[in-house]
Amino acid sequence: MTFAISHTIPGDPARLAAGLEANAEQVEAMRHRLGLDRPLPEQYLNYITSLATGDFGESIHSKRPVLDDLVSYLPATLELTLFAASLAALIAIPLGILSATQRGILDYAARTVALVGSATPVFWSGLVLLLIVYKELGWLPGGGRFPSDLSPPDTITGLYVVDSLLHLDVASAGAAMRHLILPGFVLSQVMLGPLARMTRSSMLEVLREDYIRTARAKGLRSPTIVYRHAMKNAFIPVVTLFGLQFGHLLSGAILTEAIFSWPGVGSYALQSVYTLDFPAIMGITLVVSLMYVLINMLVDVAYAFLDPRIRY
Amino acid sequence: MDRRAEQVLGSAKESTGARPRSLTPVKRRNFLIGVAALGVGAAAAPLLAACQTGPATGAKTKAPAAGGVRALNAAIVFEPGTVDPATGTDNGARCINRNVYEPLVDSFGADPADLKPVLATSWKISPDGKTYTFSLREGVTFHDGTRFDADAVKFSFDRILKMNQGFAWMLQPAIRIDVVDSRTISLVLDQPFAPFLSMLTFQYIVSPTAVKANAVGDDLGGKWMQSHAIGTGPYKLESWSPGQKLTLVKNDGYWKGWDGKRPERVTALFIKESTTARLMLEKGELDINDTVAVDDLAAYDKNPNLTVYRATTPQINFVMMNNLKGITKDKRIRQAIAYAFDYDAYNKLMKGEIVEADGPFPQDLVGGVPGIKQYKRDLAKAKDLLKQAGYPEGGFTIEATYITGLTEEQKLLELVQANAAELNIKVQVNNLTFPLIIGASQKLETALPMYAWYLGPTYPDPDAYLYQAFYSKSQGTTGRNFMYYQNPTVDDLIVKGRAAQTRDERNQLYRTAAIAIMEDCPGIVVNRKKYQIVTNNRVKGYVFHPMYQNFVRFYDLQVEG
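Sequence order for the protein chains is A and B.
Just so you know, the first sequence maps onto residues 1 to 312 in this note's numbering.
Just so you know, the second sequence maps onto residues 1001 to 1561 in this note's numbering.
A hint or two may mislead.
Unchecked claim - Only pairs whose alpha carbons sit at most 27 Å apart, straight line, appear in this in silico DSS-like list of lysine-lysine:
hint, chain 1, residue 1, chain 2, residue 2
1, A, K135, B, K1302
2, B, K1272, A, K135
3, B, K1223, A, K63
4, B, K1261, B, K1250
5, B, K1272, A, K63
6, A, K63, B, K1348
7, A, K63, B, K1302
8, B, K1426, A, K135
9, B, K1376, B, K1426
10, B, K1261, B, K1325
11, A, K63, B, K1283
12, A, K135, B, K1250
Hints listed in this document are in silico derivations from the structure and should not be mistaken for laboratory results.
The model shown is predicted, which means the values in this text are computed figures rather than measured ones.
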């Protein structure tokens, strides 16, 4: 479907690739070079055949293999998403539990924090944080993945923090982490609100169950009831939501990447759309889809650990 | 625990399911505890490391050379797709290639038609205008030590023509490239073509040794040259992290030498967001920023640590209208809309950072165009023209399009909308991405009725405007005549201008063409774009090159500290 849509929307990638001033002969030569003069079913068949051998085609814009481009951009997005998602979970889940188990001002405060986080536009919070934390206070760096005057660690996973640690270079890991904090925090706000609210509502539902009443009647302490008996049962919908949000973030956070000059899949995808770079568009779609499938599989596995009734 | 409690707990456990059987030897609770511990540990280690405030200096990272390296950090908005000069035409490629490669001749200074020798020291054009003979500079070597000579020029030009991409069309008038001797080369054209010398400013010379050593099959080194650059320019391409930055380092053997305090190491950071670039510049992490938003200029001007350079570019902003179909096919309708346009209001919107355009190309290129028609706002004239066209009360609708994301163009069309409303003409403003606009403009049937567009010369010659945007054969699938303008008189003048041998003769032909075009009013000629670049006070010596705004020549700069 993606192949059909991207090849039938109005636009001429051969013309764009050849340049606006290119003559007709050059444009046709480019069209032939890109295989765009073949019938659409033949183009699709050629693409699928190449895909089977691991060839994602060549980017029209960068003229590099699309796979090479994805290997450059995907780890940056993965690193940012992992950090943002972890941060969101670390904040949202305790916030949701607090909100569910406490009454009064603590509940309102927790819900307000979650709501403000979700409602604040990413471009606004990103720029405000840059202004305050980076420019005025100088606590954290402003943009990019790594200090511009240094070389990043040799690639193992492509995640700078992980690669630095694997090379036992704690200083580099720290430098990479410092660059990760601001964009990661901004991106975590996207997940924070929904995750906190889901945790809260799920906990409230579980805390109303008969066995919880029994546990209270037995005289068990609240922390024991909440963390030992209620939490695991409440986590099923939370894990589902977490998985969906994680997958969504993996497709690229364009605004966050633009503000923090983060070289991720979002910027690459935007550029590909702007230049009608079909092979890149297909490559991104394929990889993101695969990652969605993988994440859903992991979520399914997590269900089995959370709920012993679930068996595969 | 008493039996009753056990029974209660037992029933509670039943309500949640039987006591879990282990899926593997790892029990569920232990697994969860282990995952949580791993997550916390994985987060804690780098977070603790992040508390270090110093720069990373571990064994795996490479610090810049100690002491004495004059480094410069520049923010550029365009990242190259490829740095192969034979195929890269995007702005990012041109920005980098301008610092790494050199052409035979180049355009410097305020007059774009004033070409200067670079790798050629002099040239002669035969009386019939068909043969260009260049004397080549001595003592020049490529970054890999290969000697620069006529064979290298022929190799580079042949490569461009064989690959037939990028700016190859500029070299195609040459039907033969002859090596006369090691220091002399001649290019023979099939017919006189006056803009040819200007077009050579984009034909960069590459090292034949490097290309041949890295060619795969018959790719002419294309795959390798995508991310490698071996030229004669003042800088070498040291590294390129896609999406992040690109580093240039000094070419010690550069033929012009290294006097003064020129930057020896340049890190070009790809920063798309102008506010981010501004904050980094004000913080001191950037030395140059060419991602300047008009709204930030007041703040830049007030900052004593920064210098704003402004220059008027040769780019002209148009509101183009379709000349062959729809309501705007009628010249009187186009003229009416042009007379209704309020330039002063647009100048206010742009905070005075534009210069009013006075023709389809900057008049100073041809020494002025006396008597050329101008469309100063005059609602009475506009209404009269509408009446002559059969629309005394207006009453029709035109769709106007700007490129998605370009706010200046959006403001321009919204102003046109407001001005047209005074004539009871409804202008619907929308936006399309650049590829969709190009796609729509390929054929007359789908071409847009009205759109905002900047026309900039690809080479330093009035022909670059006229041929690309006003020549009838540049309509549709080739060129940039998206408004489908056609005038046989103008066509004839353009063709004659290409063949004319003297500048005076060409200037006169182009003056006549400019007058005819403005009379036809293919669109509203709005303004010349002003270019702004901001540097901190470490950086001196920035010179604006009209053909190369956004393509800073780092070698020209002086860097303190």
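Going through the hints against the structure:
no. : hint                 : result
1   : A:K135 with B:K1302  : 17 Å, holds
2   : B:K1272 with A:K135  : 18 Å, holds
3   : B:K1223 with A:K63   : 8 Å, holds
4   : B:K1261 with B:K1250 : 12 Å, holds
5   : B:K1272 with A:K63   : 21 Å, holds
6   : A:K63 with B:K1348   : 42 Å, violated
7   : A:K63 with B:K1302   : 43 Å, violated
8   : B:K1426 with A:K135  : 46 Å, violated
9   : B:K1376 with B:K1426 : 21 Å, holds
10  : B:K1261 with B:K1325 : 58 Å, violated
11  : A:K63 with B:K1283   : 36 Å, violated
12  : A:K135 with B:K1250  : 31 Å, violated
Of the numbered hints stated above, those contradicted by the structure are hints 6, 7, 8, 10, 11, 12, listed in ascending order.
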